[in-house]
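S.K.: If you want the building blocks of each chain, they are given just below.
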Amino acid sequence: MRIPLPVKGQTVDIVAGIDLGTTNTLVAQVVDGAPQIIADRAGRRITPSVVSIDQEHHPVVGDEARERALLNPTGTLWSVKRFLGRGMDDLAGDVRGLPYKVVPSKHGEQVAFRVHGKQYLPQEVSAMILVEAKKRAERALGGRLRRAVITVPAYFDDSQRQATRDAGRIAGIDVLRIINEPTAAALAYGLDQGRAATILVYDLGGGTFDVSVLKLTEGVFKVIATTGDTMLGGDDFDRQLVDLLLDDLDEAKKELLLSHSGCSTALRVAAETAKKSLSQEASARVQLRFETLGIQLDKTIDRESYEVAIRPLVERTLEAVNFVLDDADLDPEDVNDVVCVGGSTRTPLVRRLLEEHFGRPPHTSLNPDEVVALGAALQAHTLGSATGGEDGTVLLDVTPLSLGIETYGGGVTKLLWRNTPIPVQATEGFTTQVDNQTGVEIHVLQGEREMARDLRSLGHFKLSGIPPMPAGMPRVLVEFFIDANGILKVKAKEVTSAVEAGIEVKPTYGLTDGKVEEMILESIEHAEEDLEERLLADLKAEAGGLLRYSKSALAQRRANLDPALVGQVEAAVAGMEAALDLADKESLEAAMAVLNESTHPIATQMMNEVLKVTVTGRTVGDILDEEQKRS
Amino acid sequence: MSTYAKTIQGHQCDECGAEMVLLLFCDHCGADYPERKRLNAFSLLGLEPAFSLADETIDGLEIELTRRLHPDKWQHRGERLHRKALLAQTAANQALQAIREPFERGDTLLLLQEEVSSGQLDGNNSLPQEFLVEQLELQEEIAEGLEPDRKRALKSLVRAELDSLRSQLSDQFVRVQQVETDSERLDALKSARTCLDRARYWRNLRMALKGVAAR
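Protein sequences, first through last, are from chains A and B.
Position 5, counted from 1, in the first sequence is what our numbering calls 5; the numbers after and before it change by one each time, with no gaps.
Position 204, counted from 1, in the second sequence is what our numbering calls 204; the numbers after and before it change by one each time, with no gaps.
Treat the hints as calculated values from the structure; they're not laboratory data.
Any given hint could be a false lead.
Facing chain B, from chain A, some residues (calculated, C-beta under 10 Å) [as the list claims (entries may be wrong)]:
(1) D13
(2) L176
(3) T217
(4) R289
(5) E291
(6) T292
(7) I295
(8) D327
(9) Q379
(10) T382
(11) S385
(12) W417
(13) I422
(14) G429
(15) P467
(16) P470
All C-beta atoms, glycine included, are put in the ideal place defined by N, C-alpha and C.
Isolated chain B, as found in the complex (with noise of 0.2 Å):
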């Protein structure tokens, strides 16, 4: 990982001034303010929008919100507080889902490229017929129950096609913050559009072998 995302520092609330960890609610006095709930995830949290993201700063923000705003822990402060509480870590636990995860993180952040991209970024570009066929099949295979080197051995493939996508995206996202016209940006960002289709295909593969609900 080269570059991590920074937290913004000392972001305070209009109200008393106290340091806020989700711009939405102040958990110091209470103070909320609705108007910023259309922030995207990365804002919300007090993070600047990129695709590298240590896991532990993602973890470790996820313990200071839950500390903070846990609707147990404004259990005594009145309804009116608790509900805003609860409000607040429900928002925290969306957007923290929104960019936990590399490529859940990446689809955010194609989201935020809108005003470039003017809706060519949508989901579901044609994917070679190959690639399609390659996945069914697959499925199929491991809907019809697996031997357990099969198994590992799928899971391997899987693991490493992933591991492969995330670099490429990665790659692509330094490649936007560096080219200088828009089109290279585009054409960068269409290329992590690709990334992130393929990947769903091969996230669906990885939720399917670690198989449904033990029953």
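Only chain A is shown next, with the shape it has when bound in the complex (with noise of 0.2 Å):
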């Protein structure tokens, strides 16, 4: 096997495959021409998708950010995915329960986070993830990763799309393709290796649901229809979970205990570790002590009643299936392959309720985590590669959802429809209804529904410039273009007086190019300084971080603490105050890795103290260790 070996004053060149997920993000890349996730130096896989936020603004992402959901609840984003690209109206009743505070943004109808009184935007935090798992990357293979596939859920509409790629940009990492989940998912199964297949792709995952048919056809790869739900994923589950868990107490309490933010944070972790052990074990006991709400929980869930709970929801799945299959013109028996992703696929009632469906079991073979950034890492070593993906296979995606501009009196015009493949340009003539009208507002419109007011709006451009001419007279031309990314552009001109007038897009839900470049001049990721010098820089910050929160853990909880254990972490924040003041790489990394251990237990304990899974006489600390050893 060959080690690529960094050559001093020469970076090796990362392209990697990056899933972006609601709960997970993981790093792959193509090594001796398999496809393996990049571990960090701790060996983690996995960079959870969780950035914390604290006073000075400084943030910590992944399993460091998760330890910190407990002390800082409002500053500790999770789920981000969910919002990118979105408005306030979308989400509705989907903030209820969320300790952190989501606003609507300055710019443009999306939302964004409010965090210790200063406002983040979904996209900015997803890059503050892709950077996070990107410095993990170049550390452990001590490279530099500029290029990348990023995946994104096949249901994901334009808007959704383009804040992804945003993300990507802000973390200065150049986006050579935005691929389905569903297709790489496909790849890292190998099934382009096949003559001919169709392909149906179950993808349950942490916050959405996407499933989708493909057909491979001679190493092209046709998405041919797609559906999904962007709010239902196994962050669902724990909520029937936590339903469940609360069950006996009266609604005063269950209140009470919902709007307290370390209280739900705690049911919800409590509930995501009950989920993974019914996946195992017939039931779980789980005990939680609230002291200063005097609220005790003990309740045992078996399997039965937890699959009762979630059928509804699996359900609604298999009626996307069945949708998706319609809509394809397809039955369940001329389907291939069934592939199974997303960690809620590990769920048994989830394979059955498959297997049932399909009469055939679908592919398991592979980590449900791992297999999309096993996918993307394959394609973005092909685009990447120095032939360009001439022997490669080829995606050819379609557009989910039909796209049109809304028309007088409410009704719309589509341009393109659902499951046309991509990239494609359709172009449409309309004219003015009111006599010297020199300026025409253009309402871009997604969705499958007949009135523009039951579609999303995706944007409004301003046609001005038109002479004055009589009602009916001018002919605008509306060309719609959909580039092999799936991200679209709109153009209009009014071709009877031969002006080309200009248009102004505001995208409703995205970034300006403007306040994209003024994103990533802000952020220092994107400055060209010696790669070695950033790091040191990454590493200080970070260090800063850790001894920041490690100095107010201490404080908090001193007097509950075992005085060797006092004494441990006071001599390693010494010694990380020494580290920072040396300032190099090797002494601020040891002195971390002492501070992290030192501080581990007191995080345990803070975690024990407010809730009690026990799973066969295993505790949170237990699982966490062992999910910490596994990864």
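Both chains are sitting in their own frames, so use the hints and assemble them into the complex.
M.R.: Take a look at the structure:
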């Protein structure tokens, strides 16, 4: 096996596949022809998609951020992907029960997070996650990650894809291609090696559900139909479990627990842990003690009642499966392969119902959490290689939703129908309704319904400077263009007058190019300084954050801690301070390792104080430890 | 299907002589022919205009076009060629859309008959009142929600109607080829137009029966 060794003064160029997930983010690259997840130096293969922002607005990402969720509930953001490219109207009731604040942003109609008095856009927070994943890969491989393929759910609409692309750009990554997660999964299973097949990819992740039908013919992968639900996933299973846990409490107590951000976090963690064990065990016992509220919980949930609770959710996914088959004019028996993606497909009920539906067991041999990143790495390798994918599999995607513009009277004229292969272009002519109208407001819409008010608004375009003419005379040509990434560009011009009028683009949910540029400049990541220097700066910032966190945790908990542990933490804190003065890489890394190690019992203790999930005699601490060892 | 359209073999690039998969752009030397943009979908794809076209022919063509033109294949051939390939693939997809589905294909064919018809083949020829009323009632029924049995029955009704219209359409296009006089040809084309107009309503019903996005 060839191990790429970094030569001094010359860094390895990493071309990676990134699965920017709702719950976890993974990075993979192809080594010797096979895709591999890039583990960081501590051996971690997964970066939790969690960002914790402290009072000084210093962000921490991943495992460390998750550990801080209890100390900093209003500043710890998870499931950020749910908010990418979305507006307040899209979310409606879904912000209920979140300890952090979701507010309308200052930029267009999209949402933002309000953390300690400052607004953060979902794109910025996603960029922080990408930067962390990127840093981990760079440190582990001693190279530089500049180019990547990023995956999105096939059902992601234009604004969500745009937002993902922007997040990549803000993180200083040249996004080679946005590809669909199901396509990536099929690639990872090597299903592109066969000659012809019809493949159904069932992807039930943490926060999104996607089902797609792919058709493979001689090296061309075509998504023929896709649907899903961007608001359905394992998190909803957790929510069902939370409801089961709170079953015996009266309404007032339920309300009290759910409105308290620390408690709702603890409940969520307990539910998630119980869910995982219910995939293996027949029952899980959850014990929670909320001393400040005087509430105690001790409940054993068996798999049967859990399955009864989640069955409607799983059935909702099967309705979508039927819908997508119907859309592709296929019956279940026409499908040659069923591929499972996403951690929630470990749920026995999901696998059982899928097997019943298709009369064949789904593919589950690859880790359902890693399969998308692995496939993305394969495609990144194809696109990034010197031959430019001349021999690789070609992905022919379709647009997941119909696109059109609003017409007089609140109707809609569709220019592109869903499931149209992309890249594609469509042009349609329109005219004015009023004499001497010099401007036309063009409203770009997306969706399947017939009236503009039922559709999702993607943006407004103003075509101005039309010479005064009687109504019906001007011929306004509107052109939709969707590139290979599924990203839409709209142009409009008036042709009768032979005057090409300019258009002003105001994306409703996205960012203007100017704003993205600004954010890239803000992001120190993008600065082209020396790699070593940059890594050191990151390390210092991270060490500083860890130091602050450790000090505050120690100050808060000192009284409840074993004096020996206090001594250890204090020594580690002093070591960290000394290392920060020295500011060289080795001592910083060593001091961080020691400090992380010594504060780990505090975090675990804090967790255990509020909740105790006993799964055949194990505590949360045990389970977390096991998970860490496993990954 | 009686007459399959034949692929026009061996259309060569003026620059390098290589065989072209799409008349707009040579994927061998990168020469492009923007003046051919106005060619109809059939010509662009090197097909003879005909209604009878096997699904396999179209699928095969799509695979071939994608394999040779997809922008991902041109990632490293420079910005200019990458862009050209993107535009070529876009035009190819658009042309395929215009001929893939039989009724779309019928519309595309009628557009080619402009000189015979001189504007008499525009859509929305008046359809019988009772047909329109029936369609309206069916749409309303679907909008109000259907029992599974009724839904299945309606689906097979729609499928049967569309199958019948498709074969009528095919007959009319065969007639167009066979008749001697312009007036007979125009008559066949008008009948084809009526089939297409009716089909539009049935296709709308088919869309409605498939439902909107499953959310």
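S.K.: Hints the structure violates: just list their numbers, smallest first.
M.R.: 1, 4, 5, 6, 7, 14, 15, 16
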